[in-house]
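For chain B, the structure is supplied; the task is to place chain A on it using the hints.
Chains B and A, in that order, give the protein sequences. Letter 156 of the first sequence, counting from 1, is numbered 156 in the working numbering, and no numbers are missing. Letter 162 of the second sequence, counting from 1, is numbered 162 in the working numbering, and no numbers are missing.
The set of hints was computed from the structure by calculation and includes no laboratory data. Fair warning: there could be bad hints in the mix.
Here are the simulated distance ranges between beta carbons [unchecked claim]:
| id | chain 1 | residue 1 | chain 2 | residue 2 | range |
| --- | --- | --- | --- | --- | --- |
| 1 | B | Asp199 | A | Gly45 | 43 to 49 Å |
| 2 | B | His155 | A | Arg262 | 52 to 58 Å |
| 3 | B | Glu59 | A | Lys277 | 50 to 56 Å |
With a cut-off of at most 30 Å between alpha-carbon atoms, the simulated BS3-like pairs for lysine-lysine come out as follows [stated by the list, open to error]:
| id | chain 1 | residue 1 | chain 2 | residue 2 |
| --- | --- | --- | --- | --- |
| 4 | B | Lys256 | B | Lys30 |
| 5 | A | Lys277 | A | Lys248 |
| 6 | B | Lys216 | B | Lys256 |
| 7 | A | Lys202 | B | Lys256 |
| 8 | B | Lys30 | B | Lys87 |
| 9 | B | Lys235 | B | Lys269 |
| 10 | A | Lys203 | B | Lys256 |
| 11 | B | Lys216 | A | Lys57 |
| 12 | A | Lys277 | B | Lys219 |
On a predicted model such as this, the values are computed, not experimentally measured, just so you know. Heads up, the beta-carbon is just placed ideally off N, CA and C, and yes, glycines get one too.
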Amino acid sequence: MPANSFNAFTDYGIGIGLRVPHYQHILTRKPVVDWFEIISENFMVDGGRPLEVLDQILEQYRVVQHGVSLYFGSADPFDRAHLRRLKALVRRTRTPWLTDHLCWGSVDGTYTHDLLPMPYTFAAARRTAEKIRQVRDYLEVPICVENVSSYAEFHVSEMTEWEFLTEVVERADCGILLDVNNIYVSSRNHDFNPYDYVDGVPAHRVAQMHIAGHTKFEKYILDTHDHPVIDPVWKLYAHAVRRCGVTATLLEWDDKIPSFGEVHAEALKANEFIAGARAAAPARRPAGTGSVR
Amino acid sequence: MRPPASAPRRLRTTGDLRALQRLMAAAVMRPLTAANRTRRRWSDGRPAAAVIGTFLKPNDRLDALERLEIYNRMYWFRLLDCLHEDFPGLRAVLGERRFQRLAEAYLARHPSRSFTLRNLGRRLPDFIRAERRWTAPRTVLAGDMARFEWAQVEAFDGPALPAPAPVDLARADPARLRLGLQPYLTLLTLDYAVDDLVVAIKKDALRAEASNAPEESRAGPQSRAVRMPRRGRVHLAVHRHQGTLYFKRLEPAAARLLSGLRAGRTLARACAEALPKRAAASPAARQQIQAWFQNWAALGWFCRR
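Bound conformation, chain B alone (with noise of 0.2 Å):
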């Protein structure tokens, strides 16, 4: 059985990313990862390396695709060739599901290129699930959305960003790609509990997890990716594992990144949280039995 309705990659295991500085290393190396997250866009590209590369990594991996410009919450309708483009890369891959964040990021086709928080809304939630639907209608493939770190608030919100994420998913019928370190980046920058907000959300339709490192400056934390994981945020994530099950969890690392060995060895790390996930739920199904593959 799946961990929880949407989790039907329980023990997909540990992912890390897919980055230029490893390529050399997992081509002639090939080590054993239990997955690869691609950025979609690294990827949505008509030909040369970018895509000979994946195509040597799919031969071996299982790929997992997250974007970082389908703008879910953007007010803009979606630009049709961007969607076609994705599609094509999703026959290509044959993700098993895909992830992009609960952000909006453009406004009358002028990119920003940053994942801008969202007024929390029931105007924005309907929207936001609306787009939701018409992606995963149109790439017919289960999507999740992750929360965002973020550095600022809007008057206008009606609700917490964990109320406004369930509004959405709820609204939508789609999966959360729960970022921890997202969440606790942001319960530091807006001064809430993150276990309240792990606790908030609809453990049952959790299909991944994220954990990365950041950069705490004298008034906020940024969300940088570019350090191991603290113990805090470990510690949200074996809460998050407690509560929602056994899931598929990527560590992200995109700047200062140290060798293949290291992240790798980082990412690994979530494994022990997942043993006591395990051992805590020991009616679940056993391990190596839960993938759809």
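Relative to the frame of chain B, chain A by itself:
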């Protein structure tokens, strides 16, 4: 689209959401001050804090403007970093400070209209030609370098079309045969040998990377003075082969021939236009053309039309 003067008080419709996003996007994308801070005045002269305060909340550590500033700075740093990475040769031509000013002016005029940062520099060569003040007196050299570096972006991940079958080529009548060139291949006619300059910059960078000297005792590769090339026409093909980027000098006749093929001329006509009539008939010229075609075919430059 002009942003609204202030944010909607309530968010009831998608139109309200769009209005809020237009205002915040305008704030996020406003140029920074020289000290990389958010400008304290809005475009209409009002205090920026008053405008931003209509939609963002303060907290006990940061006011609304300071919270917006985090996004404002990240926007500019991210996009400038992208141009910085894609145009190292242009940086060497202009120097870091002038490149930065050019890039800021370019992004203010041409914000990203694509979902991917890959396309961010697409209009930079035209911008350099149109707004010469950012690059004068090196406008021609800067324009050549920008075209050359954009061609490398295209060559890196541009589409590849199927190559014609050799047997079809052997049987074809040159008077009727129209060969395509791969879309990722760019042909450039330039006034400066920017390829030599890029090789010099890369050598310099490699030397810097190989040096054991402490960081503070040596200048970074981008701050070294590199000798600028003299004016002199060159023809280049920028392409990829087996996943690696290359640029190749072309003789003028070879460049004319390839340009003719790209323009859709038949093989016979492209050859005739590329070489003077007398020369074209000589055995040496025929041998030369044959050698070019063997080389270009081996590099995979031809595709079906």
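Verification of the hints:
1. Checking the proposed 43 to 49 Å range against B/Asp199 and A/Gly45 shows it holds: the Cβ atoms sit about 47 Å from each other.
2. About 56 Å separates the C-beta atoms of B/His155 and A/Arg262, a value consistent with the hinted range of 52 to 58 Å.
3. B/Glu59 and A/Lys277 have their C-beta atoms about 54 Å apart, which keeps the hinted 50 to 56 Å range intact.
4. Straight-line distance between C-alpha atoms of B/Lys256 and B/Lys30 comes to about 23 Å, which keeps the hinted pair within the 30 Å bound.
5. Distance hint between A/Lys277 and A/Lys248 is fulfilled; the C-alpha atoms sit about 26 Å from each other, no more than 30 Å.
6. Between the alpha carbons of B/Lys216 and B/Lys256 the distance comes to roughly 16 Å, so the proposed pair stays at or under 30 Å and holds.
7. The straight-line distance between the Cα atoms of A/Lys202 and B/Lys256 is roughly 22 Å, inside the 30 Å bound, and the hint therefore holds.
8. A distance of roughly 28 Å separates the Cα atoms of B/Lys30 and B/Lys87; the hinted pair therefore holds under the 30 Å criterion.
9. Of the supplied pair hints, the one linking B/Lys235 and B/Lys269 holds, its CA atoms being roughly 12 Å apart against a limit of 30 Å.
10. Proposed proximity of A/Lys203 and B/Lys256 is supported: the alpha carbons are some 24 Å apart, at most 30 Å.
11. Annotation: proposed proximity of B/Lys216 to A/Lys57 holds, straight-line Cα distance about 21 Å (limit 30 Å).
12. The suggested pairing of A/Lys277 with B/Lys219 is violated, with an alpha-carbon distance near 75 Å, which exceeds 30 Å.
Checked against the numbered hints given earlier, the structure breaks only hint 12 and satisfies all the rest.
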